[in-house]
Amino acid sequence: MSFFSDLIHGADNQFDHTGLTALQKVTLRAVVVSFLFYGLAAIEGMIMRTASVVPSIPPVHADPSHYFSIMTVHPIVGIFGSTYQLVFAAFMFLVPYLTKKPLFSIKLANAVWILITVGTATAWIAAFVWQYAPLYTLYWPLPADTEQFKIVGGIVFIIGVALIMIGTLGFIYNIYATIFARVGIHKNMTTKELLISGFGIDGMLNLFHKLTGRPPYTKEPALSLPVVAIFRGTVDTFLDALVILSAGILVLVFLVADASGLNWDVASVDALLYKNWFWWGLDLVADGLVLIYVAGSWYLLATIITGQKLFMENVARAALMLELLVSWMVWSHHLLADQGQPEMMKLVSGEMVTAFELLTQGLALFITLMTLWKARPLKMTNELKYLLGGLVGFGLAVPAGIIQADMAMNRVLHNTQWIIGAHVHIAILVGLTMTLYSVVYVLFPIITNNAKLWSQKLADTHFWLQLVGGIGMGAFMGMAGLDGMLRRHMYLEGEYNTYMILAGICGAMLLLAWVIFLFNIIMSVGLKGLIGIFMPASNDVASHGLAVEEEPEAVAVKA
Amino acid sequence: MSFSNSIELLQFHWMAYTLYSLMIISVIAWFAYNLTRKEKANSIVRIPFYGYMAFLVAGGVGHHIFTYNTVPWVAEDITRHDITADQTFHISVKRHVYTMPDEKIIINCGEKIMFDVVSEDLTYGFGLFRKDHSMVTQMQVNPGSKNDLLWTFNHNGVFDLMSTEYSGPRGNAMFIADAVEVRGCDEKVAILDGGVK
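Listed in order, the protein sequences are those of chains E and V.
Be aware that the first sequence starts at 1, since it is given in the working numbering, and climbs by one per residue.
Be aware that the second sequence starts at 1001, since it is given in the working numbering, and climbs by one per residue.
FYI, nobody ran anything at the bench for these hints, they're computed from the structure.
Be careful, since some hints might not be right.
[Said to hold, decoys possible] Cross-link-like lysine to aspartate or glutamate pairs, in silico, DMTMM-like; alpha carbons within 25 Å at most:
1. 1040(V) / 383(E)
2. 1094(V) / 313(E)
3. 379(E) / 313(E)
4. 1038(V) / 383(E)
5. 374(E) / 1103(V)
6. 150(E) / 1039(V)
7. 100(E) / 63(E)
8. 528(E) / 63(E)
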């Protein structure tokens, strides 16, 4: 096939969007938008990297207002617009696929990606047009500081974030309604049985029974392990959405009051208490749902790649429960430099409980590697190499975070480039993103009805650029942090040029990796196919691989 | 073993983390290579599961025990309410401007210094930096709560003050050159002690 034929119709004309089900289409829509937002976040990141060396470059023009407005929306676009979107899409496909039940509502799934897309775009506009820049941390009372920011910018930004959170709540409802629907293999199960399995209590009871020499509590748990991880991680997603929404409402109330001429005292809200509340919720993303979702994804990928059962499955189920509890108690590691924070909270929550993440994530890494090892020899497929890349990413990033969650180290590393480079960016760009690419390569033939990947060479190039670029950028940012470079400061005198040039080169590799990946996918499905994904589906089936589909609502009516 | 300032601690940390990074990348690369081979792989080292778990626990908890016993500012920070400072400096911040004490802050080597910083509006940071831009110490400065940092300086130097927390675009200019000066340290002794000039 010619280049132009592939560009229009997809590789070897193998992708037919008209044959896709509603579930496949809604998944692909969110995936496409997710990768577009990823590209936007990558471009924003490169602008900031370049401005760290040449502050006068457009659109920054050596103006902190522009620089920090980009920094404000960068995580909104990257985390919510891209990562949330991709993860939600994958899970709204996987839960029906793994439970062999239809998704609760395709309409709701469409609403989720539209709400998150519109919300992300709205928040982005607030920063682009009005330079609203309180950063994602929203430290009180900065978001309500109308001396620095225009009220309209703040209101638009909060509306954008609220739309994202409403979309998130829609995803949560869809996932739980699907998991708890008593249809198909769960027809005769009670909600209690599904809850016990969802929280991993069956795994704990199995372990306990084994230790006491009794037969297992259950040989076939109601929910498969990846679904348990999705269930468990979604608890944190829900709590996080509530906290962010509550913070948004607070900011909105003060901004509207200000616009109405009321002079409310921002000091009536305690800044440190707010910080605790906000970090408790925000940390449920970083140290909760991400780690739980990732562990679940590793387990799923390992079993799909090997075609075998997971090694130490009961331990893995129990560990996911531990991870959930740990994620609720670790937020104080963000407040180790806050002298008003009680010392006991710093010691227990900030240091000791946080250290447990080394245990839970180390366990997930061990179980995944052992599952792969027992099935060797394996073919080095795209999904396997991206999975291994993801393991490297978290193998590097989790200890980097644990190191800083220490009262000695935090005193000299807090708010430096160490935390955002060596910990956050390696966790996201290498650990999380490469895990997600592995999921994408696993799901690609399933969701596209066996569309052909246009170029394996481009897939390989993408892999190495993402791996080397991601680790390299995080490492050089981290080194700058060790030398004192702050993460939320605009340097105008070229103080850290050497590190920033090297980090910029690695950042350019990441951007190039994204371009190559996108090009390869467009060539695989073709422009016609890409547009077709957004056309209404002629087949409204909300499940995958089931001969007869029974909608949960219909079953409820029958019951 | 004891670290007398942030440079020593961060240099040690740089070495330790680099070695760890090379190790974890090598381990996964070794796995990747052997996962595709038909021949039985020869393990370089066999670590039992519980040994691995014990290693993780020891790493997570031991790291804190190690720094508590080797980094002097940890215990000093935790017990600062029971320590009488040799000198206390009161500083306030409002509208992105630090109001410093009337007289220049000059500190004698080895004295326990309390920085008591009050924010009258936003959340700021209080960070001291060397002339090579490396960080000496820092704390967050929250409005409405106590922001007190007890610190012992073991090396001579003149340090700049910068806000280490974002407080809006205007906060980018929060910088006071030569805000703190430390005198009287015997640098030869400090170097013999493992200090860095």
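Now for the hints, and whether the structure bears them out:
1. 1040(V) / 383(E): Distance ~23 Å between residue 1040(V) and residue 383(E) Cα, so the pair holds.
2. 1094(V) / 313(E): Violated, at about 56 Å.
3. 379(E) / 313(E): With a Cα-Cα distance of about 24 Å, the restraint between residue 379(E) and residue 313(E) holds, given a limit of 25 Å.
4. 1038(V) / 383(E): With a Cα-Cα distance of about 20 Å, the restraint between residue 1038(V) and residue 383(E) holds, given a limit of 25 Å.
5. 374(E) / 1103(V): violated (70 Å)
6. 150(E) / 1039(V): The hint is violated at about 66 Å.
7. 100(E) / 63(E): Status violated; Cα separation ~54 Å.
8. 528(E) / 63(E): Measuring from Cα to Cα gives roughly 42 Å; hence the hint is violated.
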